[in-house]
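A.B. asks: Sequence:
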Amino acid sequence: MPTFVVTMRLPDTYDEEFIALIPSHRDFINQLLNEKVVEVYAISSDRSRGWVTMNGDNAAAVQAVVEQFPSTTTYMAWKLMSLFIFDSAASRFPHISLN
6 MPTFVVTMRL PDTYDEEFIA LIPSHRDFIN QLLNEKVVEV YAISSDRSRG WVTMNGDNAA
66 AVQAVVEQFP STTTYMAWKL MSLFIFDSAA SRFPHISLN
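Just remember that my numbering sits 5 ahead of the position in the sequence shown, which is counted from 1.
No lab work stands behind these hints, which were simulated from the structure alone. Quick caveat, the model's predicted, so the values are computed rather than measured. Please note: incorrect hints may appear among the correct ones.
Label pairs and their calculated CB-CB ranges [said to hold, decoys possible]:
hint: 1; residue 1: 41; residue 2: 86; range: 14 to 22 Å
hint: 2; residue 1: 92; residue 2: 14; range: 23 to 31 Å
hint: 3; residue 1: 30; residue 2: 91; range: 22 to 30 Å
hint: 4; residue 1: 103; residue 2: 65; range: 44 to 52 Å
hint: 5; residue 1: 35; residue 2: 72; range: 14 to 22 Å
hint: 6; residue 1: 47; residue 2: 68; range: 13 to 21 Å
hint: 7; residue 1: 39; residue 2: 7; range: 18 to 26 Å
hint: 8; residue 1: 36; residue 2: 94; range: 20 to 28 Å
hint: 9; residue 1: 28; residue 2: 65; range: 23 to 31 Å
hint: 10; residue 1: 49; residue 2: 22; range: 20 to 28 Å
hint: 11; residue 1: 53; residue 2: 102; range: 36 to 44 Å
hint: 12; residue 1: 30; residue 2: 103; range: 39 to 47 Å
For every residue, glycine included, the Cβ atom is placed at its ideal position computed from N, Cα and C.
Using the sequences provided together with the hints, build the complete structure.
C.D. replies: Structure follows, in C-alpha cells:
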C-alpha cells in the first residue's frame, strides 16, 4: 500500500474554537493509528507545524481522510506528498532477547 506524508501548517494563534477541537482531533488520529492508516503523527515543539505519515490506496483516498481531521478545513493549511521510501525502526522486527 502506498505511503504518503501530510505536512501541516498550524495557526499562528490558537483561539478557543481551535483549542476546543483538539480532543476530537486527537481521538480521530488515535483511531487512525490503531487502524494502521496513520503510521506517524508529529507536531513541532513550537506547535507551528505537523507531519502525518499515512497509508492509503492513492492520494485521493488519503486526501479524503485528511479532510475529515476536525481541525483541518478551518485552521490548517496542508500539503500531501507521495513517498518513494518510508523506513522506520518501528516497522522492523524487534530485537530478540534471550533472557
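A.B. asks: For every hint, state whether the structure bears it out.
C.D. replies: Evaluation of the provided hints:
1. 41 x 86: 14 to 22 Å: holds (20 Å)
2. 92 x 14: 23 to 31 Å: holds (26 Å)
3. 30 x 91: 22 to 30 Å: At roughly 23 Å between Cβ atoms, residue 91 and residue 30 fall inside 22 to 30 Å, so the hint holds.
4. 103 x 65: 44 to 52 Å: holds (47 Å)
5. 35 x 72: 14 to 22 Å: holds (18 Å)
6. 47 x 68: 13 to 21 Å: Because 19 Å falls inside the window, the suggested range holds.
7. 39 x 7: 18 to 26 Å: Roughly 20 Å apart at Cβ, these two residues keep to the hinted range, so it holds.
8. 36 x 94: 20 to 28 Å: holds (24 Å)
9. 28 x 65: 23 to 31 Å: Cβ of residue 28 to Cβ of residue 65: about 28 Å, so the range 23 to 31 Å holds.
10. 49 x 22: 20 to 28 Å: Roughly 22 Å apart at Cβ, these two residues keep to the hinted range, so it holds.
11. 53 x 102: 36 to 44 Å: holds (40 Å)
12. 30 x 103: 39 to 47 Å: holds (43 Å)
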